[in-house]
Each structure stands twice: as C-alpha cells, then as structure tokens.
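Engineer: Line by line, the protein sequences give chains A and B.
Read left to right, the first sequence gives residues 1 to 113 (our numbering).
Read left to right, the second sequence gives residues 1 to 113 (our numbering).
Among the hints, erroneous ones may be present.
[What the hints assert, rightly or not] Label-pair restraints from in silico Cβ distances: (1) A:68 - B:10: 40 to 48 Å; (2) B:111 - A:81: 27 to 35 Å; (3) B:80 - A:40: 25 to 33 Å; (4) A:18 - B:26: 34 to 42 Å; (5) A:68 - B:56: 28 to 36 Å; (6) A:40 - B:57: 26 to 34 Å; (7) B:50 - A:22: 27 to 35 Å; (8) A:14 - B:9: 29 to 37 Å; (9) B:38 - A:27: 16 to 24 Å.
Source of the hints: derived by calculation from the structure; they are not laboratory data.
A virtual CB, placed ideally from N, CA and C, is assigned to each residue, including glycine.
Next come the chains, spelled out residue by residue.
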Amino acid sequence: SQQGEEDPQALSIQEGENATMNCSYKTSINNLQWYRQNSGRGLVHLILIRSNEREKHSGRLRVTLDTSKKSSSLLITASRAADTASYFCATDESGGGADGLTFGKGTHLIIQP
Amino acid sequence: DAGITQSPRYKITETGRQVTLMCHQTWSHSYMFWYRQDLGHGLRLIYYSAAADITDKGEVPDGYVVSRSKTENFPLTLESATRSQTSVYFCASSVQGVESPLHFGNGTRLTVT
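Let the sequences and hints guide you as you build the complete structure.
Structural biologist: If you want it as structure tokens, here you go:
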C-alpha cells in the first residue's frame, strides 16, 4: 500500500526558479528519504531525514519534515535543466512489517530552459 | 567500477515461461531489495534480504522467488510469467536496511507477451 503521496504530480517551471514538492504520509515513521529518477534510469538517493530532525540541506536541496502533520517538502533552489526528473519520497514506517521503504508515486519535474 | 548492476537491461518473454533477473553489487552491502515500478503504482517491494541465506516477502511477492546464496548476488525468478508481471524491475542495496540510503541499479524492463 502507498504510504507517501507526492504533490503535485507534475510541475513545470523556468530555469533559475525554485521548485517545491510535497510529500504526505499516513503512519509514524523512523525516517523519510527523497530520491530522484531520470528517465530510463534507477533512483538516486538525495537526502535522508530522521523523525527527530526538522530540516536538512544538501547543496541546492532543502528538505523539511513536520511529523505532526505527517508531511515533508523538498525545495530545489535555482533550478537547472539537469534537474528535470521524477522525485520520490519514501518512508521507513515505525514498526513496519516488511523491512523496505514505502515509496510514493512521484512528482515529475520539468525545468524549461 | 563499484556499483550495482542488473541484467538483462531488457527482456521479452512469453506467458508461462520462467525468467530470472540478475542483480550484482560490489559494495558487500548486507541488505538487498527487489522493487517493481508500474505506472499508477509507483515502486512496490517484492522481496528483500538482510544477509546471505535470509530473505523475506515484501508487499507483492506472489509469483516471484528469490535466493541469496552469496552476499553480492540477489536473483529474482518469475516461475511462470504472467502479463501482469510486465513491469520495470529495480534491484537495490543498502548498508543498514531502510535506516540508510538505498542504491539502485538501472533496472530491467520486462515484457510478458
């Protein structure tokens, strides 16, 4: 069953603008991870944020986590054409039966040059 | 070059045939995972393995078999392929299960006719 749900499903912006994607989930988590997937390729890990953390940065990426609202956001600043990809959030459910991440359906981001 | 490799990259098979998808990692990661990616469903966990000779079911294990006789290999077998198993299959590995980033291969696109 789907744990995380990304919003919006698709986003198109101009190069140089900031892109924000949101993720909502349903159950308590240990951590939340964001991944990027370029067309025809595997997923690439971006950031892992633990349940006791509120914000993490990595280069042009900023991730926030609000466990009270069961939501996370991924901000990409100063977007580039190379950022065009699908972005997925994935959760590690607290007390989850299967020891695997549960992925959302993704946000497809298009950066217009 | 260290990494995680999947083979074949593309496979077409007929309904009822047995097919094996290969996955090999060079990091000696303890954990390995198999996911399938379908439009409208995102990524769903099929099987995972915490160590050699230890495997467990994920969300959608029916019709699949895995083995892990060596740490570096985690083959996925479709015993009798069905059209519903047409999908893109991703193998991943990690150091500490879902408490650490997953490293994905580039996938196998399987078509069952």
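Engineer: Taking the hints in turn, state whether each one holds.
Structural biologist: Hints versus structure:
| no. | hint | result |
| --- | --- | --- |
| 1 | A:68 - B:10: 40 to 48 Å | 45 Å, holds |
| 2 | B:111 - A:81: 27 to 35 Å | 31 Å, holds |
| 3 | B:80 - A:40: 25 to 33 Å | 28 Å, holds |
| 4 | A:18 - B:26: 34 to 42 Å | 37 Å, holds |
| 5 | A:68 - B:56: 28 to 36 Å | 32 Å, holds |
| 6 | A:40 - B:57: 26 to 34 Å | 28 Å, holds |
| 7 | B:50 - A:22: 27 to 35 Å | 32 Å, holds |
| 8 | A:14 - B:9: 29 to 37 Å | 34 Å, holds |
| 9 | B:38 - A:27: 16 to 24 Å | 23 Å, holds |
Of the numbered hints given earlier, the model fails none.
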